[in-house]
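Trainee: The residues making up each chain are set out below.
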Amino acid sequence: MTTAIEIRNINKQFVLRHTRSLKEALVWLLRGRKGDLSKKFHALRDLSIDVEHGETVALLGLNGSGKSTLLKHISGVMLPDSGTVRTGGRVAGLIEVGAGFHPDLSGRDNVFLNGAILGMTETQIKEKFDSIVEFAEIGEFIDTEVKFYSSGMYLRLAFSVAVHTDPDVFLVDEILAVGDEPFQKKCLAKIKELAAAGKTLVVVSHDLDLVAHVCERGVLLEHGRVIMDGPVGDVISRLRGN
Amino acid sequence: MTNGRTSPTQQDSGRALVAPGTGNGLVDVFRSRFLLKLLVRKELRIRYRGSVLGLLWTYVKPGVQFIAFYIALGVFLGLEQSPTNRGGLPNYAVYLFSGIILVNFFTESLSTATRSIVNNSGLINKIYLPRELFPVSSVWVSAVHFFPQLFVLVVASLFTGWRPGPLEAVTAVAGFVMIALLATGLGLFFGSVNVYFRDSENLVDLILLIATWVAPVLYSWRMVLDKAGEAWFAVYQLNPITIAVECFHHAFWLPTTAGAEGSPPNLVTVWVPVGLLVSLAILFLGQWTFRRLEGRFAQEL
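Each protein sequence line maps, in turn, to chains A and B.
So the mapping is simple: this note's numbering equals the position in the first sequence, first residue as 1, plus 489.
So the mapping is simple: this note's numbering equals the position in the second sequence, first residue as 1, plus 344.
Next comes chain A alone, as it looks inside the complex (with noise of 0.2 Å):
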């Protein structure tokens, strides 16, 4: 087994800064305030962890714990203030289905424009047009705009684009719940599939009992700190045992 993502000590702090006017940042120097100027946040404390290529690992823990800010971190949008993160592979985030989609475009359009986005390359989104289309359940609205489709259409399009990007490590954020029932299931087969295949899954849901189905590994966050690394179902009871 290979590392597919290495993270090391890493540290990340927000800067929440409540006002960037000149002048109300003067009055509440005058006023003594000056506390109030900016507050900072420590979104992940010297976190490590290591993932081999073919794990599935579902972050898990409460709102604020860090999960997200750990996806992008791996997925390079952000970059730690200290530590290290390295990934092999590529990487490819469904972090938010969609992003990306531009509504006055056509649906053969966005597909073209959300797959480069995500990677792809001219070849790769040709060849694999059809089976997108496919997949989405499209059909002949491909080339009706996007603005056009019902929230349904549009989420089984983007999700379509996304599944076939075919990266090593495949990022996942709160997008699993995405169309209807029948589809919501085509959806979860696809990502156990590519589970099967040998890709790397990190998952972060809120949704547990789909984490269970889909990951075997479960890291358990609090406050930017890993406090428990195991198998999911031993992270998920703990965290419903809290």
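By construction, these hints were calculated from the structure, which means they are not laboratory data.
Backbone N, C-alpha and C fix where the C-beta goes; we use that ideal spot for every residue, glycine too.
Mixed in with the good hints there might be a few duds.
What the hints assert, rightly or not - When the alpha-carbon atoms are kept at most 20 Å apart in a straight line, the in silico SDA-like pairs for lysine to any residue are as follows:
hint: 1; chain 1: A; residue 1: Lys528; chain 2: B; residue 2: Glu644
hint: 2; chain 1: A; residue 1: Lys636; chain 2: B; residue 2: Arg385
hint: 3; chain 1: A; residue 1: Lys512; chain 2: B; residue 2: Lys381
hint: 4; chain 1: A; residue 1: Lys681; chain 2: A; residue 2: Glu705
hint: 5; chain 1: B; residue 1: Lys386; chain 2: A; residue 2: Ile631
hint: 6; chain 1: B; residue 1: Lys381; chain 2: A; residue 2: Asp593
Claimed, not checked - To spell it out: a stretch of chain A is covered by chain B in this simulated footprint if at least three of its residues, at any positions, have a beta carbon under 8 Å from a beta carbon of chain B; those stretches are:
hint: 7; stretch: 571 to 578
hint: 8; stretch: 589 to 599
hint: 9; stretch: 603 to 617
hint: 10; stretch: 708 to 722
What the hints assert, rightly or not - Partial list, derived from the structure: chain B residues whose beta carbon lies under 10 Å from chain A:
hint: 11; residue: Ala360
hint: 12; residue: Gly365
hint: 13; residue: Thr366
hint: 14; residue: Asn368
hint: 15; residue: Phe374
hint: 16; residue: Lys381
hint: 17; residue: Asn464
hint: 18; residue: Asn469
hint: 19; residue: Gln643
Given chain A, work out where chain B should sit, using these hints.
Mentor: Structure of chain B alone, referenced to chain A:
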């Protein structure tokens, strides 16, 4: 942050561990040409969506601007040469239009590039991709809007007796490249600063307001030399927009006149290389600033 490794958006041949989120700036933009092409196409499709005139607006805007300036400055303020006004510029219409379209290219590029990062926050927040793509595609879109206007200029110049030679073509290309580099550099700079301070947009609007006036678009460079003297004129000439506009005058307008006015001394031999160097320096400064600031884009947007 620079490292020689492949960015994660590329197909990695092996599975060597690399740090995500650290790209190679404009080099990565070149590697993601396909995505750049799609972003430009998207922008062109949606810019004038729902409007009747559509892309024609790119002709209407400079057209109206041209007519207003021509009447106000050429006719009323007497900048155009006529039998009763020997001191004016011959073929003032061509003179004016060649400068206006170039400055408009700059104005549109910089204005959209400055807003491009904030406007694409939805993507930048969620997916890692070379973020330089957004300012670069803004400049590219403006270039697509620029070329039809250039075509109008070429036709107008041909009607007024323009017979282009190779030197004219080279100076025109140099002028265009100068503006493209300058707009990209300033766009990278102000676009990244805009994430932290939205004042940046207003500052850029201010710069664009005076851009037409600090370059010899409406008046002749000779007036600056006469009033300001040699030393200040040299300072005036350091502005790449000034040099680029003079390049366009040299290429499109000067051959249609009897050569009476002439271009500033040493335009091609000294000032064109100087303008290109200044633009390149600003591009490097813009890229450097962008790279310093982009690490925190996702959390600030």
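Trainee: For every hint, state whether the structure bears it out.
Mentor: Right, here's what the structure says about each hint:
| no. | hint | result |
| --- | --- | --- |
| 1 | Lys528/A - Glu644/B | holds (14 Å) |
| 2 | Lys636/A - Arg385/B | holds (18 Å) |
| 3 | Lys512/A - Lys381/B | violated (43 Å) |
| 4 | Lys681/A - Glu705/A | holds (11 Å) |
| 5 | Lys386/B - Ile631/A | holds (16 Å) |
| 6 | Lys381/B - Asp593/A | holds (17 Å) |
| 7 | 571 to 578 | holds (count 6) |
| 8 | 589 to 599 | holds (count 5) |
| 9 | 603 to 617 | holds (count 6) |
| 10 | 708 to 722 | violated (count 0) |
| 11 | Ala360 | holds (6 Å) |
| 12 | Gly365 | holds (3 Å) |
| 13 | Thr366 | holds (7 Å) |
| 14 | Asn368 | violated (13 Å) |
| 15 | Phe374 | violated (15 Å) |
| 16 | Lys381 | holds (9 Å) |
| 17 | Asn464 | holds (9 Å) |
| 18 | Asn469 | holds (7 Å) |
| 19 | Gln643 | holds (6 Å) |
Against the hints set out earlier in the document, violations occur for numbers 3, 10, 14 and 15.
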